[in-house]
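Q: Using the sequences plus the hints, can you model the full thing?
Protein chains: 2
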Amino acid sequence: MTTLAEAPAPLDPTMIRGAVEARLRAFLDHQEEISGQTPELGLFTGILREQLSAGGKRIRPLFCVTGWHAVRDDPPPDAVWRTAASLELFHAFALIHDDIMDASDTRRGQPTAHRILAALHPDRPDTVGTSAAMLLGDLALGWSYELLHAPGLTDVHLRAVWETFNALRTETLIGQYLDLTGRPAADATVAWRIIRYKTSKYTIERPLQLGARLAGASARQLGALTGYALPLGEAFQLRDDLLGVFGDPAKTGKPTLDDLREGKHTVLTATALRLARPAQRRLLARCLGDPALTEHDAESVRSVLVGTGATNEIEHLIRARRTRALDALDDAPLRPTAVTLLRTLARTVTHRTT
Amino acid sequence: MTTLAEAPAPLDPTMIRGAVEARLRAFLDHQEEISGQTPELGLFTGILREQLSAGGKRIRPLFCVTGWHAVRDDPPPDAVWRTAASLELFHAFALIHDDIMDASDTRRGQPTAHRILAALHPDRPDTVGTSAAMLLGDLALGWSYELLHAPGLTDVHLRAVWETFNALRTETLIGQYLDLTGRPAADATVAWRIIRYKTSKYTIERPLQLGARLAGASARQLGALTGYALPLGEAFQLRDDLLGVFGDPAKTGKPTLDDLREGKHTVLTATALRLARPAQRRLLARCLGDPALTEHDAESVRSVLVGTGATNEIEHLIRARRTRALDALDDAPLRPTAVTLLRTLARTVTHRTT
Numbered sequence: 001m002t003t004l005a006e007a008p009a010p011l012d013p014t015m016i017r018g019a020v021e022a023r024l025r026a027f028l029d030h031q032e033e034i035s036g037q038t039p040e041l042g043l044f045t046g047i048l049r050e051q052l053s054a055g056g057k058r059i060r061p062l063f064c065v066t067g068w069h070a071v072r073d074d075p076p077p078d079a080v081w082r083t084a085a086s087l088e089l090f091h092a093f094a095l096i097h098d099d100i101m102d103a104s105d106t107r108r109g110q111p112t113a114h115r116i117l118a119a120l121h122p123d124r125p126d127t128v129g130t131s132a133a134m135l136l137g138d139l140a141l142g143w144s145y146e147l148l149h150a151p152g153l154t155d156v157h158l159r160a161v162w163e164t165f166n167a168l169r170t171e172t173l174i175g176q177y178l179d180l181t182g183r184p185a186a187d188a189t190v191a192w193r194i195i196r197y198k199t200s201k202y203t204i205e206r207p208l209q210l211g212a213r214l215a216g217a218s219a220r221q222l223g224a225l226t227g228y229a230l231p232l233g234e235a236f237q238l239r240d241d242l243l244g245v246f247g248d249p250a251k252t253g254k255p256t257l258d259d260l261r262e263g264k265h266t267v268l269t270a271t272a273l274r275l276a277r278p279a280q281r282r283l284l285a286r287c288l289g290d291p292a293l294t295e296h297d298a299e300s301v302r303s304v305l306v307g308t309g310a311t312n313e314i315e316h317l318i319r320a321r322r323t324r325a326l327d328a329l330d331d332a333p334l335r336p337t338a339v340t341l342l343r344t345l346a347r348t349v350t351h352r353t354t
Numbered sequence: 355m356t357t358l359a360e361a362p363a364p365l366d367p368t369m370i371r372g373a374v375e376a377r378l379r380a381f382l383d384h385q386e387e388i389s390g391q392t393p394e395l396g397l398f399t400g401i402l403r404e405q406l407s408a409g410g411k412r413i414r415p416l417f418c419v420t421g422w423h424a425v426r427d428d429p430p431p432d433a434v435w436r437t438a439a440s441l442e443l444f445h446a447f448a449l450i451h452d453d454i455m456d457a458s459d460t461r462r463g464q465p466t467a468h469r470i471l472a473a474l475h476p477d478r479p480d481t482v483g484t485s486a487a488m489l490l491g492d493l494a495l496g497w498s499y500e501l502l503h504a505p506g507l508t509d510v511h512l513r514a515v516w517e518t519f520n521a522l523r524t525e526t527l528i529g530q531y532l533d534l535t536g537r538p539a540a541d542a543t544v545a546w547r548i549i550r551y552k553t554s555k556y557t558i559e560r561p562l563q564l565g566a567r568l569a570g571a572s573a574r575q576l577g578a579l580t581g582y583a584l585p586l587g588e589a590f591q592l593r594d595d596l597l598g599v600f601g602d603p604a605k606t607g608k609p610t611l612d613d614l615r616e617g618k619h620t621v622l623t624a625t626a627l628r629l630a631r632p633a634q635r636r637l638l639a640r641c642l643g644d645p646a647l648t649e650h651d652a653e654s655v656r657s658v659l660v661g662t663g664a665t666n667e668i669e670h671l672i673r674a675r676r677t678r679a680l681d682a683l684d685d686a687p688l689r690p691t692a693v694t695l696l697r698t699l700a701r702t703v704t705h706r707t708t
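So the sequence lines, in the order shown, correspond to chains A and B.
In terms of our numbering, the first sequence opens at residue 1 and continues consecutively.
In terms of our numbering, the second sequence opens at residue 355 and continues consecutively.
Just so you know, these hints were derived from the structure itself, not from any lab.
No false leads were mixed into what you were given.
FRET-style restraints, in silico, Cβ to Cβ: (1) B:R513 / A:Q110: 36 to 46 Å; (2) B:A604 / A:T106: 42 to 52 Å; (3) A:T106 / B:T648: 40 to 50 Å; (4) B:P362 / A:L120: 47 to 57 Å; (5) A:L120 / B:E653: 29 to 39 Å.
From chain A, some residues computed to sit far from chain B (all C-beta separations above 10 Å): (6) G109; (7) A119; (8) A188; (9) L243; (10) T311.
Which chain A residues face chain B? A few, computed with CB under 10 Å, are given here: (11) E40; (12) F44; (13) H97; (14) A103; (15) H121; (16) S131; (17) L136; (18) L139; (19) Y145; (20) E171; (21) I174.
Built from N, CA and C at the ideal position, the CB exists for glycine as well.
A: As C-alpha cells, this is what we get:
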C-alpha cells in the first residue's frame, strides 16, 4: 500500500548540523575508547573535539547533505552523513595547519591548536607547540579518510566519492600554496585562482558534488550545481575578504589586523591597487604585509579601500555573483526542497556579518 | 595438466625495490599528467619525485611484499605493490614533516623539502619554505591514501589493509609526538615506547601485516610475524641511535651532531645517564640538547657513551633482540622463501653502517 505523494518537508539546516555533529562525536568517542594505552592520543582527540565544538558554521557538511537532497527526496543514508562529517574533520585539519602557517593566536575567539599545545610545554612552547599541532593536523587529515571509508560505506558509495574527495584535497592544498606565496598586486588573476581553489571548489562545489554523487546525480544535475557553486564561492570569499578588514572582531572571532599584516593577495587589495592614485598606492604598499601595522595604519588602509571605490566594486561583484548563482538554479533539474535551501544559503553566505 | 611443484625462486630485494619504484613513478606520472592547469601541482610532484629518488632503502615496501610471500608462493597481485608503494609515499610525508620539526637542512645528503622550497622564495625563505613543505607533506599523506585505494584494489583487499594502515598512521604520529616532547632521562620507558611506535610497528610489523593480510594470513601467521617484527624493530632503532652519534656522515647522509644537538631521548642516552658517574652525568646534561654543541663537545659525549659502557650495553641489546627475532621464525607457519629473506633482512638492518 502506498500513500499519495506528499510535498517533502523543508530542509532544516539546524537539524542537518546537529546530525553531522552527532556523527563527529561518535567518531571521536570511538577514537577515545580505543586510545586506552596511549594517553597522548586521548590528548589529541580532546583538543580536536574542542576545536570542532568551538563554533563553525558546518557550511561544507550542509552543502554535502543538500547535494543529496538536490537529487533525491528520501532521507540521506549513513554514507552521506559520514562524508559530511569527514569534510568537517578535513576542515579541522586545514584550519590547524593554516593557523600554524599564519602564526594565528586565536580562531573563533579561542586559542588555536598550536597555542594550546604550546601552553602544555612551557619549557619549549614555540617549537613543541608548532610541531605537535602539525601532528594533530596530520591526524585529523588521516581521520577524515578513516571516517569516509569505514564499514557501512559500501564499495559503490566509496567509488562515488573517492575521486571527488581526492580532488578537493589537492585543490585545497594548491589554493593554500597560492595564498601563501601571493603578494598584493594590482593584477587580480592569482587572487581569483585562490578563490576558485580555496573557496568555490573547496567550500561549495565539491561538498555539493559529494552529496549529489552519492545520490547518483546525472551529469546535468552536477552541471547545475557547479553553475551555482562557482559564482557563489566567489561571492562568499569576497564577503570574507571585506569582513577580514572591516568586520567586527567580536562577531568574526578574528582580529581585523591579521589579513592586512599578512599582506594577503585578495581581489579587494588588487582592486584598490588598480584604482589607487599614486599617494594611495604608496600607502597601501607601505602598510599591506607590515607585521607591525597599527590600528591607526589600518584605518588609513580602510579609508583608501573605500576612497578608491574598491569596496563598492567588491559589493557590486558580490551582488552580481550571487545573482548568477541564483540564476543557475532557475529551471535546474534539482529537487525543489534543496533548491529552496540553496537559495537561502546563497543569501546567508553573502550577507553574513560573521 | 599440472606440473610438479618446484621450489619457488629466492626472493630478490633488488627486484622488489625496482617494482615498487616503478609503481611510484607511474603514480607520480599520472599526477603530473593531470596537473595540466595547475603548474604548482607539477612543482610539488617534481619535488616529491626528487625526494623519493634520493636513495632510501625502501625497507617498508620490502617488508610489505615479504609479508605476502610469507603466506603465499604465487606472485603478489597489484594490490600488494600498490600498498607497498603507498607505504613509501606515507614515509615521504613523514620525513618531510619530521625535517620541518627538526629544522634539518639535509636528508640523505640532499637538501630537505623545506630548504628546496625556501630557495624558491628568496624574499621570505623561512616562512614560505616551511609552510609550503607542510603542504607538500600533506599532499604526500593524501596521496598515500589515494594510491592505496584506486580502481584495482577490490573491496576485499581494501578491507584487509584499511584498519592496519590507519593504525600505522596513528601510531607513527603518536611516536613522533613522544619523540618531540621527550627529553634525555635515565628512565628509558618513554624511549622504548618511541621505538615501539616509530620503528617496531611503523617500519616492520605493520608493513609485514599489510602484505600478509592481503594474502589472507591466519592469526598464527600474523602472530609469528609480530614475534619477529617487534624485537627486530628495537634492534634496528638501537643501531640507528648508535649510527646517529658514531656513524660516518658520508655514509649515513646525516650529520652526527644533529641527534645530540636535538637532545633526543634514546635508550642509548638513557643507558649512559643511568650508568654515568656524577662528572659524566654533568657533561651529558650540559651537552645533550645544546643547539650550539661543537664537534669537540660531541667527542666528549662519545667518550662518555663508551666509557660508561652504554654503547657496549646497546650492542648487547641489539644482539639479543636480533636473536629473539630470528628465533621467532623457527618453526613459524610461514613460507620458506620469505623466511630466508626475513633472516637476511634481520642481519642487514642490525649490522648496517648507513
